[in-house]
Structures are given as C-alpha cells and as structure tokens.
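4 protein chains.
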Amino acid sequence: MIVVIKPGTLTLEIERTCQELRSWNVIPEPIVGKHQVAIGLIGDTAALNPQQIQQLSPFIEKVIRVNKPYKRASLEFRHGEPSSVIVSTPNGLVTFGQNYPIVSIAGPCSVENEEMIVETAQLVKAAGAKFLRGGAYKPRTSPYAFQGHGAPALDLLATARQATGLGIVTEVMDTADLEKVAEVADIIQIGARNMQNFSLLKRVGAINKPVVLKRGLSATIEEWLMAAEYILAAGNPNVILCERGIRTFDRQYTRNTLDLTAVPVLRSLTHLPIMVDPSHGTGLAEYVPTMAKAAIVAGADSLMIEVHPNPKKALSDGSQSLSLQQYEEFMKQIAIIGQAVCRWPQEYPLSTVPLGSHRQLSTSSSANP
Amino acid sequence: MIVVIKPGTLTLEIERTCQELRSWNVIPEPIVGKHQVAIGLIGDTAALNPQQIQQLSPFIEKVIRVNKPYKRASLEFRHGEPSSVIVSTPNGLVTFGQNYPIVSIAGPCSVENEEMIVETAQLVKAAGAKFLRGGAYKPRTSPYAFQGHGAPALDLLATARQATGLGIVTEVMDTADLEKVAEVADIIQIGARNMQNFSLLKRVGAINKPVVLKRGLSATIEEWLMAAEYILAAGNPNVILCERGIRTFDRQYTRNTLDLTAVPVLRSLTHLPIMVDPSHGTGLAEYVPTMAKAAIVAGADSLMIEVHPNPKKALSDGSQSLSLQQYEEFMKQIAIIGQAVCRWPQEYPLSTVPLGSHRQLSTSSSANP
Amino acid sequence: MIVVIKPGTLTLEIERTCQELRSWNVIPEPIVGKHQVAIGLIGDTAALNPQQIQQLSPFIEKVIRVNKPYKRASLEFRHGEPSSVIVSTPNGLVTFGQNYPIVSIAGPCSVENEEMIVETAQLVKAAGAKFLRGGAYKPRTSPYAFQGHGAPALDLLATARQATGLGIVTEVMDTADLEKVAEVADIIQIGARNMQNFSLLKRVGAINKPVVLKRGLSATIEEWLMAAEYILAAGNPNVILCERGIRTFDRQYTRNTLDLTAVPVLRSLTHLPIMVDPSHGTGLAEYVPTMAKAAIVAGADSLMIEVHPNPKKALSDGSQSLSLQQYEEFMKQIAIIGQAVCRWPQEYPLSTVPLGSHRQLSTSSSANP
Amino acid sequence: MIVVIKPGTLTLEIERTCQELRSWNVIPEPIVGKHQVAIGLIGDTAALNPQQIQQLSPFIEKVIRVNKPYKRASLEFRHGEPSSVIVSTPNGLVTFGQNYPIVSIAGPCSVENEEMIVETAQLVKAAGAKFLRGGAYKPRTSPYAFQGHGAPALDLLATARQATGLGIVTEVMDTADLEKVAEVADIIQIGARNMQNFSLLKRVGAINKPVVLKRGLSATIEEWLMAAEYILAAGNPNVILCERGIRTFDRQYTRNTLDLTAVPVLRSLTHLPIMVDPSHGTGLAEYVPTMAKAAIVAGADSLMIEVHPNPKKALSDGSQSLSLQQYEEFMKQIAIIGQAVCRWPQEYPLSTVPLGSHRQLSTSSSANP
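Protein chains in written order, with the UniProt record's numbering: chain A, 1 to 369; chain B, 1 to 369; chain C, 1 to 369; chain D, 1 to 369.
Please keep in mind that the hints were generated in silico from the structure rather than gathered at the bench.
Fair warning: this is a prediction, and the values are worked out from it, not measured in the lab.
Worth double-checking, as some hints may not be accurate.
Unchecked claim - Covered, in the sense of this in silico footprint (three residues per stretch, anywhere, with C-beta under 8 Å from a C-beta of chain D), are these stretches of chain A:
| # | stretch |
| --- | --- |
| 1 | 3-16 |
| 2 | 183-197 |
| 3 | 248-257 |
| 4 | 261-269 |
| 5 | 336-343 |
Glycine residues also receive a C-beta, built at the ideal position from the N, C-alpha and C atoms.
In isolation and in its complexed conformation, chain A is listed as follows (with noise of 0.2 Å):
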C-alpha cells in the first residue's frame, strides 16, 4: 500500500503520519520525490482499508492498494494454471476449463410446462449440449410480469434431466430456496441483479454445488473477482464466471453491451473457467450467433443460449431466445469455429459445409492488379 502526501506537507506532519502507520502494525518507508512525498507500506496490508488510512491525516492525497484484493480467484493463487470445474450429470462427467472443448447449455428463460421444457431438452441434447437451462424463480423488473413458476418448475427440470441425462442449470434469487434448487440442479446461477447478494454468495459458498456467477450490469471486473471471492472463502472451489452484457450509455439496439475483452482480461487475472451468455449480452436472437462465435474466438469456455420451442409465446425473454431449429442450425454453425480453435467435443465432428461457403467473394476481391 501506498500513501501519497499532498505536495507541501511539513516533514513534522510527515514523521507524525509514520509514527501513526506504525501503530497499525505496518513499516512506513518514505520515498521522497522532487515535489511529492508518498510513503511504502510494508507488512499485512491486505487487512488495511485504504479509506481509513486516508483519514489519519488532511494532508494524505490519496492511498493506493498495490496487492490484488482477490486471493482465491487470483491466477497467483494456483501459481498461473488454469482451474477446472467437473460436474457430474447423468450423462457423465462435464468438465469446464481452459484445457477442454467448450461446454454448451442451453434452454428457456423460464420453465413453462413439462412438455416444453422436456422437448427442449431433448432437442437441444441432440444438438450438442451438455446442459439444460430453465428459470423456475425469475428476476423480473415488474411485479406485474411472470415471475416463473417456483418449486413445480424445479419438479419439470428434474424430469428433463431424468428423460435425457442432461446436466441443469437454473438461478437461485433467495436463500430459503437453496436448498430446493439444490436438489435438482448440477449447476447454481447467481443472476447479475443478485452478484452482490452477499448472504446468496455465502451460502452458495457453504454447499457442495457448482455456481455459475454472472457479472452484475454495472460490475467492475474486480468487484466480480470478489464476488467470486465470497463463495470461494467459503469453501465452494467450483466457481464459473459468466459474462452477459454489460449497461452502459448506448442501450437503443441492443439490451446490454457484451464486453468480450473481459474474456481474455479474466484469463490474465484468474484461473476460474469462463461462461459467455450472448442472449442476454445482446438481448436479440438475430445478434445471437455471431456473437456466440465471437465469443469463442475470445476464449469462452461454455456458452450459454436461450432457446425457445417457440419464441414468440414465451412467458418471458422471448426477443433474444433462438427456436429449436435455430440452435440446431447455430450449433453447425459454431462448430466450426469451435474447431478452428481446437475446442470443440470430438463427437460433434465437422460440419461437412465451411463456414460461409454461402459467401460468394468477389472475383475482383482485394488489390494487386
């Protein structure tokens, strides 16, 4: 940690503000620049808060933490290897990381009926997903709008997974529901309106599930890091970070900016497994498939897509779902990319057709006459 004296300060005021430091177990060592004074702080620091600090004294600029505030999360903490995440589904073992094929979930926004949820299942299983998605508690901006339909959803997703051996993922909005979510799913969402839920993160952290985490619409990435910091410290290692769009100033033809570079920036930073979620990162199903494949390149782990048997009827988040036979089209369509990095499952081979062999390039193309 570093303090930085105002420009001017008396040395007396200087010595007195060591003196202080020292009585907060720490060795102040002053570095004394041509027009500024900042001290070095040496010892357990990580314990210091660096707004306090700024109070012992009017004439301390500003105080500036150098370590991380993430340990657990940090890419230190496994000395600069990448962690995995297994899960365990009837179909087997899943494993999420940066050494293995990118795992593909997808499903509804919210659970309707066990006719739709076990036709999507199906469907999308023979599609290539690992895991299915559905909402049974749904974080809705209006009281007025459905609000998913609670613990019978839950019974529907458990029949989905039984009738196809698909792995479920579905989001957790209260901790008295933890436990009924945790009967059923193989992966726990905490939604982006809930990361700093910090009683959800706790007690996610204290079961034995894995947590898909998504980044809250205004997190910093390090604030997500710490997200992930609550869950970890308590125990839980199987955290999956999920990027989903992010708010910012431009929301008239997109619901959220999905901020890919975060996907190579978290790899610098942690060793946790990457999720990107396209349909809320774009919140239109058009956008959907391009960015998914964009998302890949950037070094996605997992992807998660909204898919719908029918769009246009659904209960909730219909604009940004795919049909079925829209994700069976994607899942071709990513495939090849997914091959052009070297990730994608071995029993989902090539599609025989290259990627934008619909393309027809000008003859005249490029330059060099």
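Position chains B, C and D against the provided structure of chain A, taking the given hints into account.
Below, chains B, C and D alone, put in the same frame as chain A:
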C-alpha cells in the same frame, strides 16, 4: 402500445400482423404514414410484453410502450397528490413527505459497540436528527472486510433507541433476517445492491414497516420505481425512495455521481417521499455538507448522513463519515438553507449567524461602474 | 511515479528494471513489501509517460502517477487562491470568481433574427443577466437540422450588444471562424463536443479573450482540467469551466445527468471559476429553476440559462428554454437562494416574498407530540 | 412521428393540439386508447423536431420519432445492399466491403522519423497489410505530451508510400490542415474526439477522399451514423465506420470497452463498410490478437492495428502497439480465422500450422466417460 412496421413491408403482411394482434385481445389501429406504417394498439396493453409483440413478425421494427409500467408508484395513482409516510418512534410520529419539514437521519455506517452507538445517538438527536441509522448487516465488496456484527448489533440499536427515543433505520440483506430486523427497526432499509433483489422486495412488501429503498448503482429511474412497485404491490404503501449516487465513467474524485436531478424528476413521476444520501453519493466527508444543502434545494424530503464518533477508526466507510462535531456544525449550516426553502422543523430555529457570513465579498465586486 | 512489480519477480529482473529506469533520468527507490515490490521514481517524472514505463518489463504490474498531470489549472499553481476572470462589457467590468457575486448569462440556443435577439437581450438584462448567450454556429447531431445562421448571426449579436450593453457569449466550432467570432464575443464558448478539439483549444489559448470551456459529454474531471490546461499553456489565463451534464446509462427522463458534485470537487482541485448550465444539464425547462438553485448552493460562480421569446417555435433546443416571462420569475426565485449564500449582486435586492412562502407546511408537521 | 398525450387530457385540448399540428403540414391521426390517446403524424415528418412538437402543449407526454434520422447512411438507402469503398493505392485498388476480403491497416500511433516509418511500412506490407497508418497530428489529452511532428511527418508518410506502394491512412484534426493531409492520405481519418466536430465532417464531406470515421468515446450508434450522414450529405459517399472502444464505468484493466456487437448491429442498419481497431479498443497489446480475431468473426471488413518497431520507446501509445515481430506472428494467426470465415485475401494462404495446435486438449476431456 405502438407497433412500428419496417418501411416497404407489404400490406398483406401488415394485415396478417393486425390479425395476429387481435388474438392478443387488443384492437389494432394502423396509422399509414408517408414512409412507414405504425399500428396503435387499443385495449388492456399493460399486460402485454413489448418483446413478445416484437416476435410476431420479422417486419416489426420496434414496439413502443406508451403507458408507464408502474401504477401504484405513479403520481397519477394519487391523482397528483404527494403521499406521506408516517413513522412512529418513541419520541412521537415523524412524517416524511413533500408538505412536511425535512427529516434528518444520521449515524454510523456500522454499529461497532454500545458506547459508540449510544453516544452517537445522543449527539445526533441533540443536533436535530429524528432517526439513528446504523448497520448490523453490512454489504461489503470484500469477504475479508468487516461484515457487521449481525444480531448483537440489532440489540445495540434497540438500546440506543431506548436511550434516546430516536427511530431506527437499519438494513436487511437476507429474507432470513427480516423478522429480527423488523423487531428493532422503525424503518427498514433496502440497500443499493439489493434494489433488484425481488425476493427481498416481496417480503418487505408483505410486512407492516416503512421501507427506505435505495437506488441501485446503475438503476434507471424507471427500474427504481418498478422496484418500489414490488413493495407497494405486495401491500406495503410506506416506501421512501433514497438517491445515493449512481455509477458513471468518472470515479476518480468521488465514489459515485450524486444524481440530484432525480429529485425533481421523481417529483413529476411519483407521489412517494424522496430522501438523499450525500455520504454515499459523494463518498467523501468534505463534500457532504455542500451536497446536502444542494439536495434540500433540489427538493429532498429527508437527508441520510453518515456520522461516526471517530471516522479515522471506523470499521467501515470512515472516509465519508462526519465526526459528531462536524455533524453539529453541519446541522446549523443546513438549517439556514432548510429555512430558506421553508422546510425546516420549527423546533430548530435559524442560527443567528448567516450562512456565508464568513465569506467576504470583494467590494469592487461585479459590474456597473 | 510508482512502478509496481508483479509478485514473484526475480531480484535480478527488478535490478535490471531499476537500471533501465536510471536511463530515463530518474532515481529508482525500491520498496520491498511482504508480497510485492514497488519502485518509487524520484526526479522530473512529469515528463514521463506511464504507458512507456510499463513497457520496460513484462514484470511491471502497473505504473501509478502520483503527481497531478495539470499544473497551471491546479489550485497549487496559485497556492490555494482562487483566480477570477474579469470581462470587459459595454456596461462595465464583470468578474467571475469564488469571491464575487454569481454572474447570470442568458439567451437563446441560436440567434434567429434581429427582433428576437434584441428583445431577448433587453429582457434578460432587465431581469439581472450580465451576458447574452446566442449561437451563430450550432453543433447539431443531424446535418438536416438548423445549423445556425453563421456570420450574419454574429452581426445580430453585435447589434444586441450595442442595444443593451450586455457582454456576448457565443460558440466557436472551427478555427477558421475564430477571428470573426472573437470580434463580437466578449467570452468565447467551446462546446461540449469540442472539449477535446485540441487544435481549437490551442487557437483560443493564443488569443486574448476569456473562454468558457464546457465539459465534454463523457469527459472525466481530469480530462476537463487538461483541456483547460491546453488553453492556459498557450497563454490565455482567462478560462471558466462550465458543467453542463454528463452522459450516463439513464437518458429516459433527462437529456444528461447534471453532475453538481463537480462544483465542490473542482473547487478542491483548481483555482478557475466555475459555471453551471442547467438547461443542457437537464434538457427540460421544467427542471431548470430547481437545478439552478441547487447549483448556486453547490457553489457555482455563474449560471448559463437558455431563454427564448417563444420556446415552442425555437429553431433549436426549445424544450429546455425558459420563456422570457419564466426567466423573469426564475431570477426572482434564485435571488433568494443567491442571497442566502451571500452571493447575489447588491443591485438586485431580495424579493420581499420569501421562497416557498406559497407552500403551506402542514401544522401537524413532524414529531414531538 | 407519434405524439403521446398525457392520461386524463380533455378532448378539447387534444383537438387544439391536432389543429396546431396541422399548421406544421402534417396530418394528425388520433389513436384513442383505453387509458391514453396518441396522435400519429402523417406527412413529411423527417423535417420536424420532436423537441419542438413537445412544446406545443403541456399535455404532450412525449414525442416519438418512428423514422430513423439518417437516410444516406441507412441500409434502406441502398435497398439492403452493402456498399463498398474502393481506394486507389500505388499497389492497386483496395476494396473495403462486406463481400470483400478483410483489409489490414497497420502502423505506429505517430510518425517519429523516416527510418522507423519506412521500416514499419516495409514489414507490415510483407506481413499482409494494404495500408500504413501513422499520425502526423496527434490528439493528446495533455498539452505537454508529444503532439505529432505535423507537416514534416506528412512528408515522411509520402516517402513510406513511395517506398512500399502502401496506401496511407492518417488523421486530420483541423480544417486548416485538411488540404495538406489530403495530398498525402489515401484515406483520411477522423478521430474519436472529432466524431462530432461537425465543421470538420462537412469539410471532409466536400472533398473526394475516402474517410475512416472513428466512433466517439461515448457516441451512440445512432449519433455515429448521423456523423457519417454529415459526410455523405456533403457529397462524399466513401465512408468507413471504425469501432475503437467506448467509455464505460470499468476502466481498470482496459483503456476502453470494445463494442464488438456494434459490428452486426451496424450491418443491420447501414450499408457502410465496418472497421475495428482493437489497439485503441483494448489499450493493451496483449489483448489485441485475441480481440482482432473476435472482430473478424463478428464481421469486420477491416482491421486497424498499431505496430511500432520498438513499442517501449514509442513517443505515444506504446503500451497498445505490437512490435514488428509480433505483427508478423499476429497476421499468421488471424489468417486462420480469416480463412475460416472465407474472408482472407487469396495471396496470403493459410498457414500450415493450425491455430491452437500448440494447445493440448486434455484427453480425458469432457463428458461421456
């Protein structure tokens, strides 16, 4: 609701869309423009989801909701009359509302021990506060930061309440803690990070306690009102909205960007009382008095101020807390502005020293030589 | 400047980096912490580019600038004393500054014809304005929108100046027009969209006219001060900073988010006078009076208000303009707040009707039964 | 255009408003809903200003523009066909467009001296670039930072052009320099900070040179297209849009947030070719290759990459520049992705080493044990 059709769409397709719209129990009224067609929908459109309507045809450019999505929170719901929230405290009833004096709330970020909380309560009461704030459960970015003393801190708040007669404002973060919190609190606070914790909103909506609903870090005014609508729709009419700063691109010199224009904007949209928290809004004690005064002039019905007996040693948020002495001085200063807008409690008469009297205007001042 | 080294870096590499740093004419002072090493740089670091230092070694985690990048704009440059900008107008000298009465500027978005601009000038003068604002060259989002009357509008401003003795504030958008604009303007305005038009900043820095520098739509306070630094460094010391709202995620109910906390923040960083433009800041006439009053309390030295004889028929920005009658009433209202903070010109004595006297506080008001 | 009337407005007032609307040469068509009335306007509404219509009556809730405000930039303007921009360079014609191979542009942030610029040009040409970028006039946040060598740097660009046959892309910041810049440049660049420098847009619209228009730091997609519309409306049809990152709340780990979804969104709105600049978009060389690949997959027609012979010693933007060796390697890597989407120039055949072949997938990989 208005459905805008893409330019160049065939009449047949427009008719088909109108046909389909009728199946949603609304009457479509096409407006045939020079370049484009729009279809007005007449009927009970409040129940319709614009995103789903969008799905009806690929020739729909956009769907525009004309009605506001909130009802009980809207000014129209009370035919333009502001509502007031009356809170019973040991010292008597306190009313929050546009036609009442400004209500002062003050106290530390977190309850640390009995001595500090009782001492703080006594002093802020003497200075004019009607409520003591203090956190038992604290939402902290880091799992390693002080998380609040929890239930024992609630007991200390009860002690301070008994000692001073002040009402208590404290935050609930988890539905599991609500009952305990509601026993002590006269007003329950929903923090910014939980503004869209819909489970929690429904629960506080189901009990009979006034609620302060803080604005989320990146919540639009509409989302904030929809969060209030959750509480109102669940049966609790006593909601106070609290502006506490939003997240923007510039976070170098302040913690958040205090959005004071939200006060008159809310006034034009909702009947609910409005509070401003300049401590979180700016994040730095030195800007709190100035922005508190500006908040009063902007029309705030209540102010929430962080106060700590020893900000340097505060377990959380010390840098934005006023000391007890500073709070005393602060209340004298803002009384002048409160009186200038005729909204200061009569029992706290105007200080005899005019605000700014310490400032000596240059005699050569402005123009007109 | 402080160079933070990644944890686990070998001493040899740190030494190599220090060696290289010496070749940049600075003295490196390593601070060896428990987990990490940081290197303080002593010497003339102002000339160094943190990004370049970062390149010296892949083991550098980050480079932190301790000094502020602006000099002439900083409060330290004047040893903590505020500066004032004195403008000569036909009616006499007008001074902008922290120790002077608030200066009122008013007028239409764009100059439309002689009658409207002269009529406006006469009325705003009568109401207390010292300057007439009016656009000859207008930055408009659409090429099809009215672009201002250009040079002929400058002549009309000269006419209004002669008729009333008011100073003229008008915007320059192009270095090619600067000479013409400077002939008529008493203060040259740089608009928000040109805040980082560095060519233009250098040119207005090279002439001898006061400049109002509006904050860019998404300019940080530091970038804004650096833009002022361009003008100051080019030799023109007469810069007034104008807050006019920033761009945030919520643009539904206001055009911009007025950042009033910028006023006390600037006060702590710079000696330059500060203006607030609540017309652009909110974008809606109905919020202008309230936010103007809040701006005064926040510490603004000057207010710029859009006024139009017939806002309905304004060629631009009608929705945020006050009518002439509204401006008269507005000035009476804000005089009360201006006097409450002892910053209202003596020649405009307090209206006898106290602000808010129309508001009848409920007698049963607050507590203490 | 649709005028939404506030609930509860009297029929008489609605009729009065319709009457007034007729005087604006449009035909009002009221849609009487259950709770509210909306008035559709038929006629030439493109010329109307929604803000002014809003002023017609205090009973107007809002005015919604149905048509897009841009015309020449819209996809409809070319009946859904993409346009292409053909640029003549000494080496021949190069075409930017959706149906053409991806065009690579590379070079240093600023032109430093003849040796560095010619060496860079030769190498980037060998690696596959068709254009050399290099700044003669540099927009810098600080007046004390290197501002570019100006006119002499233009001469050096001419030398590099002659030596290699590459086209030149360089930025103009001031209308006064346009002529000089246009003599050397094959494509003129308008930088992010000048995206709404409307004087400059009009001037480059009036000359006969292709223009790269970078997106402003906080420009919405609509504002960006309107800026392009300025150039198109002034007579220059050769505009290429360049996404270079936007400003968001999180600036800790990247300089900007690269908005790759803008690529497919633009594709659905405009016929203009699209470029991506991942160097500015991320601000850090280590993320450039990954995000360049993602940009290709997102559909970019061109890539602009910062390259410098010695990034450590670059006079500007060193931290986001690739070295010449890194650029060579970069081009080999992105060729694989470019070929996967069938958009790579035929003269640069696929590298024989498949992308990601260095990555060894764990054989125990995913599921199905």
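We went through each hint and held it up to the structure:
With a cut-off of 8 Å between beta carbons, the stretch 3-16 of chain A has 0 residues touching chain D; three or more are needed, and the interface restraint is violated. Chain D is given as covering the stretch 183-197 of chain A, and this is violated because 0 residues of the stretch bring a CB closer than 8 Å to a CB of that chain, at least three being needed. Judged by the Cβ-Cβ criterion of 8 Å, the stretch 248-257 of chain A is covered by chain D as claimed, because 7 of its residues qualify and three suffice. Requiring three or more residues with a Cβ within less than 8 Å of a Cβ of chain D, the coverage given for the stretch 261-269 of chain A holds, as 6 such residues are present.
Coverage of the stretch 336-343 of chain A by chain D holds [criterion: at least 3 residues with CB-CB distance below 8 Å; count 6].
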